[in-house]
Amino acid sequence: MRVRRIKAIAVKEVLQVWRDPISLMIALLMPFMQMILLGYGISLDVKHLPVCVFDREASQLSRDLIKRFQASEYFSLVAGFDNYRDVTRALDRGECQLVLVIPIDFTERLSDTGTSAVQAVVDATDTNTANIAIGYAEAVVGGFSSDVQVEASAMKGGATDVVQPVDAQSRVWFNENLESRNFIIPGVVALVMALVGAQLTSLTISREWERGTMELLVSTPVTPMELMLGKLAPYFVIGLLDAVFCLAFSVYWFTVPFRGTLVTLFFTTSLFLIVVLGIGYLISTAIRDQVGAAQIGLLVTLLPTTLLSGYAFPIDQMPLPVQAITYVVFARYYVTILKAVFLKGSGFLDLGAPILAMIVYAGVIAYLAARAFRKQLD
Amino acid sequence: MSAPAAAQIEVAGLVKRFAGVAAVADLEFAVAAGEIFGLVGPDGAGKTTVMRMLAGVMPPESGRIVIDGIDVIADPERAKQHLSYMPQRFGLYEDLTVDENIRFYADLFEIPRRLRDERIGPLLAASNMAPFRRRLAGQLSGGMKQKLGLICALIHTPRILLLDEPTTGVDPVSRRDFWRILYSLRESGVTILISTAYLDEAERCTRLALLHQGRLKYCDTPRRLKQLMPGVLLTIASPDARAVRDTIAGLEGVSGVLLVGDGVRAVVDDEARRLPELRRALASAGVPFGAVARTEPTIEDLFVALLRQDEEAA
Ligand SMILES: Nc1ncnc2c1ncn2[C@@H]1O[C@H](COP(=O)(O)OP(=O)(O)O)[C@@H](O)[C@H]1O
Ligand SMILES: [Mg+2]
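Keeping their order, the protein sequence lines are chains H and S. Per the working numbering: the first sequence = residues 1 to 378. Per the working numbering: the second sequence = residues 1 to 314.
Keep in mind the hints are simulated off the structure, nothing from the lab. Quantities reported herein were computed from a predicted structural model and do not represent experimental measurements. Just to be clear, a hint being listed does not mean it is correct.
To be verified - Sample of chain H residues lacking proximity to chain S, with all beta carbon distances greater than 10 angstroms (derived):
id, residue
1, Ser62
2, Tyr74
3, Pro221
4, Phe245
5, Arg259
6, Ala312
7, Pro314
What the hints assert, rightly or not - Reference excerpt, derived from the structure (chain S facing chain H, CB under 8 angstroms, subset only):
id, residue
8, Arg52
9, Gln81
10, Phe90
11, Cys219
Ideal placement from N, C-alpha and C gives every residue a C-beta, glycine not left out.
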């Protein structure tokens, strides 16, 4: 393996990208457009969800709880009912997204046992909205219940270290403002990497075949390994630059919190890039026309990253067989890592499993890619 | 068929089939150091396929290729160090400049930078390409592209040069540059295998191989090949060439009747016998004609006649 040849190929590749407006646009403009589109376009934030109430107790306490819902900007109270049949009908007609059912013994149980329950009936046709509605409802109830406890223990003159009785989901723990953008933006980094990486590399070998430059190239002493390294190195650098851009854009423009370390982020990003570039390269060696290669490239990288990585659509709400499939979607691990690094500040130790999965993936792809190119015409 | 003593390129029993159809069949020839060996034949004859197998970019089905003492089939990568291949289709990067292309190939062959820079100057000068160093290859004319291809092929001073139709579509001036470079290479001992569709160019080769349907039909020096000319080529001058053609076309022993400038060319199997017959036929048909002259056949005439002869025999 000769460094001089690898460098020659890398330089040539950079010059070609630099002089090709489309490649340049994919490399530089695409990340920006993706960030804007996905950052603003797909906001899963839901405001003023229509809520109906079935208050079976009609006490001071239950009315206090309802007032909390009224005060919340996430909900709008539309109607009150006094029987389950009306509740069902309102949900069926789509008059409300969520029905809050307060049991008859609400106050009684709270004063007896210190805990009580309310029922939230949700229209789950749209699982995402439903999920968010539940999250908001839990947050409202959670806020209410901790206030009640503080009051109660103050009245008893007891200690003030209260146990939060709210069993909120993890999303509520780490995304206190319930900003859905904070959930989506870290995953968009994966989308940008997948798009840029696969698009650019899926063209590199097929371009040589299509333009007739491959015949001359294979008549030189260059080895398949040198060719691969030389061709992928520039795209690896471009990918990392795009990652830096995405990170800066997320943090400074979308004000997504970044609680992890750059080392974790760039180590895992490098692994992800190896996988995406390797897949793009594999496609490029297999498909000799550029359009075909680009399309297949999108199909095997961007599509699963969009649909099955959990970047916007939570995996635990997918049907079980689909959930099983996500385990082979490499982006799943990266998205998990990204969200954890951004929002939880997780490090290498916390992320052992997904990082290991990505290392295995990167190793397999790199091995296949290194053996994929055969230096001859057929 | 003459096999030179010190063969620089040796091919034996070479076979290549595409989907069962033989593109190259049982090919055998040898080229000595310092030769300009021409591979000629109509489109689809198998010239490109032979070049590719020799260059080590396409494995043959069976046979033997030894170039500069290296078994190309067993060790194509080692052979590639010593040879240069210029594909029929332009193989350089159109979005790179002349200089960038040259440097790219110099790097792939690991030519030390100083040596490279020393070589570029004379190569550019010999091909009259010096003013275009910073032009994108895609903006060069057809002839300049081919000359750039040759420069890139020569940057690592190969001992063997494989050129697949390098002058097709090239203007006459560039073609002359091209051949001047080939002759000077030959003097410095480089062995050249060139395929060409221009049969006037074929005359410049030291030896020629005529390929037809993947088979080697004839292989010798241009002069000796011309002695193979079946019959004699005659040129009949006439103000009404068409009438002459129509009159003599069906005659016995006359073949390859062809309109040329101000008359007709035809091959006769026996000059002494056919010439009087021709004159008689033309006279009785009342066709006006002038001088009938014996003409030195070109390689083109020769190959057309040889291929026709083979077809008739088959
Ligand atoms: N890659 C290929 N696949 C299938 N057939 C091919 C291929 N290359 C050449 N051939 C066939 O082999 C024959 C010889 O082609 P080629 O070597 O290109 O001839 P030439 O260069 O003399 O025009 C032709 O019939 C051509 O169609
Ligand atoms: Mg050809």
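Status of each hint after checking the structure:
| no. | hint | verdict |
| --- | --- | --- |
| 1 | Ser62 | 73 angstroms, holds |
| 2 | Tyr74 | 54 angstroms, holds |
| 3 | Pro221 | 5 angstroms, violated |
| 4 | Phe245 | 26 angstroms, holds |
| 5 | Arg259 | 44 angstroms, holds |
| 6 | Ala312 | 38 angstroms, holds |
| 7 | Pro314 | 45 angstroms, holds |
| 8 | Arg52 | 6 angstroms, holds |
| 9 | Gln81 | 6 angstroms, holds |
| 10 | Phe90 | 7 angstroms, holds |
| 11 | Cys219 | 25 angstroms, violated |
Violation of the numbered hints given earlier is confined to hints 3 and 11; the remaining hints are satisfied by the structure.
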